[in-house]
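Using the hints provided, position chains V and Y relative to the given structure of chain C.
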Amino acid sequence: MQFFLGKRTFLIVLFGALLLMPSLANEYHIFIANLVMLYIILALGLNMLIGFAGQLAFANAAMYGIGAYGAGLLMKHFAWPYWAAAPGGMLIAMAAGTLLALPALRMSGIYLALTTLAFAQFVWWLMTHWTSVTFGAGGFIPPPIDFSPIPVTQEIGIYYLTWVAAILLYLAAKNTMASSIGRAFVAIRDGEVAAESLGINLLRYKALAFAISGFYAGTAGALYGGMLGFVGPESFDLLQMILHKAAVVIGGLGSIIGSVIGGVLLTVSVEITKELKWSIEMAFGALLMLFVLFQPTGLVTFIKRWVPGWREHLQYLPEREAQRSIDVEASVEDVGITSTDESAQERRP
Amino acid sequence: MKMFRKSVFRLSVIALTTALFSGSAVADVQTQGISDNEIRIGAFGPFGGPVYLYGKLVMNGVAAVFDEVNEAGGVHGRKLTLVREDDNCKPEGSIAAVKKLAYSEKVFAIVGGACSNATLASVPELEKSGMPMVINSAVADAISTPVKKNIYTTQLTSSIESRAQLDYALNKGAKKIAVVRMTDAWAMARYNPLMAYAKKKGVNFIANLELQIDAPDATPQALKLKAAGADAIIFILYAKPAAVMMRDALKLGYNPEWIGETAINDFAAFQKQVGIPGALKNFATITAIAYQPTDPEMKSWATRLKKLFPNDELSTFNLNGIGSAQVMVEALTNAGRDLTRDKFLSAMGNIKDFESDAYAGKITCDHPRSHQCNQTPGWLALRDGKIVRLD
Amino acid sequence: MEMFSYLMATGISTGALYALVALGLVVVYKATSVVNFAHGEMFMLGGFLAFTFHVMLGWQYMVSLVLAVVGSFVLGIGVDRVAFRPLMQRQTLVSVLLCMVGLSFFLKGLARHLWGGKGDYLTFPPLVSPEPMQFGGIMIMSQQLVVLVACGIVMAVFMVFFKLTRAGRFMQATADNPKAARLVGLRVDRVYMMTFGVGAAVAGAAGVLMAPLTLLYPDMGFMLFIKGFAAAVLGGLTSIPGALLGGFLIGIIEQMAAGYIHTGLQEVAAFIIIMVVMIFRPTGLLGGSRRRKV
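Chains as they are written, first to last, in the numbering used here: chain C, 1 to 349; chain V, 1 to 391; chain Y, 1 to 294.
This is chain C alone, in the form it adopts within the complex (with noise of 0.2 angstroms):
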């Protein structure tokens, strides 16, 4: 039974109806299940940077546009072929993630997140002002990507190559955070000045959070330009975040099997918004408010109380943070000494 309702069967199901659409589906499904792929990778990506790491980032858009904007031009400017564009795209926007580490060595919390929302406004300045380079506001037509010598069109290549990409990343995801990296990530997210007494490099650790995390973004955005033919500033601004972050959210932070439930769900959210002819700014908003005060972890937790062989390492568990984060102050300011010892408190089951 339990082989039958876990985590690997889902996983089977899903990437085998995904593997199976162009063949079953009309063209618009297809676009659809394309991107429901995209923002896997891209939920992944985010998950490893704010669920694992505990980095409050909101430049995953911008990240997801440099990957675009990079391959692109580097196909449009320079006439390189899409097998290298899209690499060079990625290691743009891997390098881009990376600089926001600086900051992050320096502040946490609110400060992180608005200096990185910042930075995200300022690459969307710049990808409508640096006309000679970008294009402009008015984007751009990248070349079209041939994928000879196999005979498939642009966008039944791309499809198979987004699905090949979203199971090698979300293999890499698994086995990266369940190794010493991830445990080093969540020793970050949990207490830094405990993780720095343990020996872990800071800025080491968190530079690797955000390449990757820029990396993830990066790669999706090499492929959703490919799938578009068409890169503009527009796809790329703070709605697209919100989307990430809701992703991310209704998954469940700090669970790897928790970004690609919630990459598809999100997917599938926003299709039924459009059907239902509902305002994509209520709906979201309402329901990113919903699953932050009902089931603040995720679709991930839920799943996991019923059905078994869902289980993971290292979870977030956000009830602990919490108390922490209210109470500690006074108990510094008080007592002198620090104090991270909960079991005082009661857990919630």
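Take these hints with a grain of salt, some might be off.
Claimed, not checked - Here are the simulated DSBU-like pairs of lysine-lysine, each with C-alpha atoms no more than 30 angstroms apart in a straight line:
id: 1; chain 1: C; residue 1: 277; chain 2: V; residue 2: 79
id: 2; chain 1: C; residue 1: 277; chain 2: V; residue 2: 306
id: 3; chain 1: C; residue 1: 277; chain 2: V; residue 2: 128
id: 4; chain 1: C; residue 1: 277; chain 2: V; residue 2: 200
id: 5; chain 1: V; residue 1: 307; chain 2: C; residue 2: 277
id: 6; chain 1: C; residue 1: 277; chain 2: V; residue 2: 299
id: 7; chain 1: C; residue 1: 76; chain 2: V; residue 2: 148
id: 8; chain 1: V; residue 1: 299; chain 2: C; residue 2: 76
id: 9; chain 1: C; residue 1: 76; chain 2: V; residue 2: 281
Claimed, not checked - Footprint (simulated), chain V over chain C, 3 or more residues, beta carbon under 8 angstroms:
id: 10; segment: 42-48
id: 11; segment: 265-279
Think of the hints as simulated: they come from the structure by calculation, not from any bench. Predicted, not measured: the structure shown is a model, and the values here were computed from it. Glycine residues also receive a C-beta, built at the ideal position from the N, C-alpha and C atoms.
Chains V and Y only, in chain C's frame:
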């Protein structure tokens, strides 16, 4: 594990093979969306976000026309159904909307397209699907030029307007012309043709300034314009930043010729927005629409719109929708009861001197030379406190 | 010289607006350690409420103003009840922030749904006649003076409130040390509720005052939130005088940059300021040094 890998491999082979050999469905797309008593027409544009006026409100105008036509029995006995899709003003949104309308909703034709970038991004998809498209809001020239078999536009395109603006300034005898513009895709679609035309005419702008759509203040721009001594200012701005610009210039006692475009066509509202009495003395703007929402000729439309959408007031955006929908209905009628895509497209191409209730000029689609059916910019200005047409 | 004085004057008056927004943000932050992402929407809804009362229903100007401020106060309490209190106990910063963000989008969509069909940007009549006035050789909009004066009044009221009233002192105490405040018997949740209410009321008042100058549209909230946040950060998120100073500085810097360097900078100046301040002096100009949490 071996079994697993084998089955994955087999699945992949099957999938890849079928994907390679499956073409799009060969069902008869010529009569897609038509049934005995219904024609399904799609529309896409933003429902939300700052530019929802160009999407939702324009679609409401289209809906009003369909309502009127259906009341009278439809087109050759077929009622018109409007299927709306939200594109969020984004390229991925428009591409998704076109795909959805073409392959899932299976509509007959589409009237819409609001954001220039987004609509432009969807053009390859439109061409691939062969879906007949009538653009009614987006202004970028590249969408309809060079001519594409299935894409027509009834909106004044940005190059038509930009040229008209510069001509107006030159006709007024201006020697020092300046430009104040936004920097988004909409503005760039107007700015580039303006610069090209200025070069052709040998005009150098004495000042070329940026102003953001949500700027609460334009004092730096006003000071620079006054210092440069410009005698005519060309706006590439939406109504709100234009109002801010004029207000701040008037504050400095500076009031040259101000030249607007179709984004600033609700004169009465604009006057209120600028707020300073007598501010619009030297202001003229282009309109694609013949009338103001409060004109008596628009009363029946105002009533109908109120009936369908009680929360709204008739606005110029609705009128854009009304005009384009009437053009589409005309083509549908001319194509006859035996309706197909090709017949509709050729009827569109043959539209000549069609007078809608809304547009300032007559609509002529000059197939195959041009699919830009609206070439007549109307000019509005204030004379003795009344809004008049200058042309 | 004329250019400089005009830029300065406009900078000060837009700065007063940013200062008012920043004030609301800082008051809430000091008490609750939360930056209210939906703060801009309080501002926006205050303006729309006034529009509904005065323009749509035809009520008297001052009455509409007062009612709009009261309405914003109630809205602020609503935000506390719905988005903050349930999260305070259990959740992390990420969750609270995301909840606020969700709320901001929801309110924006709601405003668009309710008032959007009325047209492009809605106009709201100013408090006094709209003719520009002469003031020491330069012309300013009379409404800008109104905003400046109102800003001064609000600041003064706040000083009095915090220093002299019991409620104000409760708020200060809770901001300093919530645990100790609870121990001493202060109803901390009540205080938080008041804080949100007061913050929102300030925003609502600012919205009504600014509406004649900025015009009313559903997206105005975010722009002001960002500028207000930049001001608060520049001045120091924990300092009320800092919020005011930051507001004026941002207003002036924006104008000067646009006037002397490039008009395109008007849009991005606030973001550059945020980044620069964060890198070189994260506590802002007047904020205290931050304790490092362990």
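Okay, the hints, checked on the actual structure:
no.	hint	verdict
1	C:277 / V:79	22 angstroms, holds
2	C:277 / V:306	20 angstroms, holds
3	C:277 / V:128	26 angstroms, holds
4	C:277 / V:200	46 angstroms, violated
5	V:307 / C:277	20 angstroms, holds
6	C:277 / V:299	29 angstroms, holds
7	C:76 / V:148	24 angstroms, holds
8	V:299 / C:76	52 angstroms, violated
9	C:76 / V:281	48 angstroms, violated
10	42-48	violated (count 0)
11	265-279	holds (count 3)
Hints 4, 8, 9 and 10 from the list above are not met by this structure, while the remaining hints are.
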